[in-house]
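Engineer: Here are the chains, one letter per residue:
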Amino acid sequence: MNGNRLLTVNNLSVSYVMKKDAIKAVDNINFHIDKKEILALVGESGSGKSTTAKALMRLVNQPGRIDSGEIIFLDQDLLKLKEKDMSKVRGKEIGMIFQNPLDSLNPVYKVGAQVAEAITLDKIPRQEAFKKVIDIFNDIKISDAGVRVESYPHELSGGMRQRVMIGMMISRSPKLIIADEPTTALDVTIQAQILELMKNLRDEYETSILVITHDFGIVAEVADRVGVMYAGEIVEIGDVFTIFENPEHPYTGLLIKSLPRITKKEGRLQVIEGNVANLADLPEGCRFSDRCPFVMEICHKENPRMTERAPGHFCACHRKVK
Amino acid sequence: MNKSNLFKEFIRNKTFMLGFVIFLSIILLAAFADNIAPFSYDEMNVQNKLLSPNEKYRFGTDQYGRDILSRVIHGSRIALKVGLIVVAIETVIGVSLGLVAGYYGGKLERMVLFFTDLTWSLPPIIMALAIVTMLGPSLNNVIIAIAVVSWAQFTRVVRVKTQAIKSLPYIEAARAFGENDLNIMARYILPNVLSSIIVLSTLALPTAILSTTSLGFLGLGSQPPDPDWGLILKEGIAFINQAPWISIFPGLAIVYTVLGFNLLGEGLRDIMDPRLKA
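From first to last, the protein sequence lines stand for chains A and F. Take 1 as the starting number for the first sequence in the numbering used here and just add one per residue. Take 323 as the starting number for the second sequence in the numbering used here and just add one per residue.
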């Protein structure tokens, strides 16, 4: 339908199977990513954003299970691939960066060797791979690349390790990079650098990026489009400017309002009352109904459907703004 | 920890150093047995039978007039050979089962655990006895028997460590950039359990040597005239009143070797894997 489309997710559901019942961590979500686009998925803890990321790689761990849906990457449905073919997609076509750079590298090998290892998966001879590692390290602005390749992970700072991880992922030039809370464990200045680096990646390597985060600040920084997740569903998705200016869903609005701002006079941060809905015991109707300031009668009866509010801007809420 | 610090720690650890010196002396004895031993191990000299230790025969002679010192020295070769082969087999079986069980989990793990517990619960020497009786007495069968009954502790330790490591982010990261299961086990998990394996292997060596000599003593291992320490000990039993030295010296050799390897293993454990102490 669209030659610019890289990934389309249709009706994806993932559940965690407990002894008796299954808990739907991701419930029937739809979204797509275009080439060279940065999409952010935002949500609180437990909203299903990380599970979505793992499902795209088919790395949902036991007792998790992908129930249904399609993940169309270019022309193939990833969920229909054999495990062997899927492991060829991982790293080569879709790379992933994890939220915990401190433990994401193998502690017993030098970081250069680890990145080289990733490159040799593409049948590139070792020596050449090592040369390429230094180029990549220079590219992602690791200073003293020649020295750093000889370091063990514990000798590097968190930000440096995250850079190495990113280097490892881009070394095989995947078409899509999934970054699961890439900056959560890092301090603010390093965060800014890593985000800058990711934007450069998109421009130089023409990769699409899916950023998973709970921080609207990061969304504003890097994303082109943003999807807001709540209790396993995407409640609003659209262009980042539209959503910041005009959040249709009350949850999105509250998330944006709860951002700390320098311009605000009040001393206190705004909070959203209550906790994320319990996935094992969801409220009747709209899942946000018990926390929503604009709750109406219909919200307790019927879960709203996604409707297009503006071109490319979808929202699932009964409330009609304007 | 950098390399020179690690080296210092080895030097400073007295248990390790004592064990290492003993270990080295046994290796040298075994390597240069032909040059060190004053006689060959099977040279009989009936006129000199049952001589007590003297200047020519430092450890005395046995009922055929063979020099005990030479036999004990040559015996170190058998002990080391059997010990190393047994430990190598144990390590390969135990470690691969432990890796597979810990990594895949599920039914496979339960099956492996069942067999581990089974071999663990049977007294090893009795099991080995049964196997050797079935296969017939020979040194090779002893090696097989001991290896078959004593891999369980490798599996247990490696399985638990594998379970702990496989849930760490770097394993997930490895999967995310397309490594297959075999590579993850061999290149990511194995190197991280290596220190435990080294310690376990060193500690398994004296046990293997003790088991071999026990089976030798029972007449199921090496056959005469091989200078197996257990076998010499047993042959001396008949003359224990007239010539106790026949049995005493191979016995001391066993104690020396087993003690040395145990010290070495414990020293290594303290340095490389303090958490294994329990």
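No lab work stands behind these hints, which were simulated from the structure alone. Predicted, not measured: the structure shown is a model, and the values here were computed from it. It is possible that part of the hints are untrue.
What the hints assert, rightly or not - Covered stretches of chain F (in silico footprint by chain A; criterion: 3 or more residues with CB under 8 Å from a CB of chain A, positions within the stretch not fixed):
1) 433-444
2) 458-472
To be verified - No more than 30 Å apart at the CA atoms, straight line, and that leaves these computed lysine-lysine pairs for DSSO-like:
3) Lys24(A) to Lys488(F)
4) Lys429(F) to Lys80(A)
5) Lys35(A) to Lys110(A)
6) Lys429(F) to Lys24(A)
7) Lys141(A) to Lys84(A)
8) Lys488(F) to Lys110(A)
Stated by the list, open to error - Partial selection, computed: residues in chain A whose CB lies under 10 Å from chain F:
9) Leu59
10) Asn61
11) Pro101
12) Asn200
C-beta atoms are modelled at their ideal positions from N, C-alpha and C, and glycine is treated no differently.
Engineer: Against each hint, give a clear statement of whether it holds in the structure.
Structural biologist: Hints, one by one, checked against the model:
Given a C-beta distance limit of less than 8 Å, the hint that chain A covers the segment 433-444 of chain F is violated, as 0 residues qualify and 3 are needed. Counting residues of the segment 458-472 of chain F whose CB lies closer than 8 Å to any CB of chain A gives 0, so the stated coverage by that chain is violated, three being the minimum. The hinted pair formed by Lys24(A) and Lys488(F) meets the criterion: a straight-line CA distance of about 25 Å does not exceed 30 Å. Between the alpha carbons of Lys429(F) and Lys80(A) the distance comes to roughly 25 Å, so the proposed pair stays at or under 30 Å and holds.
Restraint check for Lys35(A) and Lys110(A): the C-alpha separation of about 34 Å exceeds 30 Å, so the hint is violated. Annotation: proposed proximity of Lys429(F) to Lys24(A) holds, straight-line Cα distance about 26 Å (limit 30 Å). Taken as a hint, the Lys141(A) and Lys84(A) pair is broken in the structure, with Cα atoms around 34 Å apart against an allowance of 30 Å. The straight-line distance between the Cα atoms of Lys488(F) and Lys110(A) is roughly 20 Å, inside the 30 Å bound, and the hint therefore holds.
Annotation: interface hint on Leu59(A) holds; nearest CB of chain F at approximately 6 Å, less than 10 Å. Here the hint on Asn61(A) is kept, as its CB sits about 8 Å from the closest CB of chain F, short of 10 Å. The closest approach between the C-beta of Pro101(A) and any C-beta of chain F is roughly 8 Å, which is under the 10 Å cut-off, so the hint is satisfied. Because the beta carbon of Asn200(A) sits about 20 Å from the nearest beta carbon in chain F, more than 10 Å, this interface hint is broken.
The structure is inconsistent with the numbered hints 1, 2, 5, 7, 12, although it conforms to all the rest.
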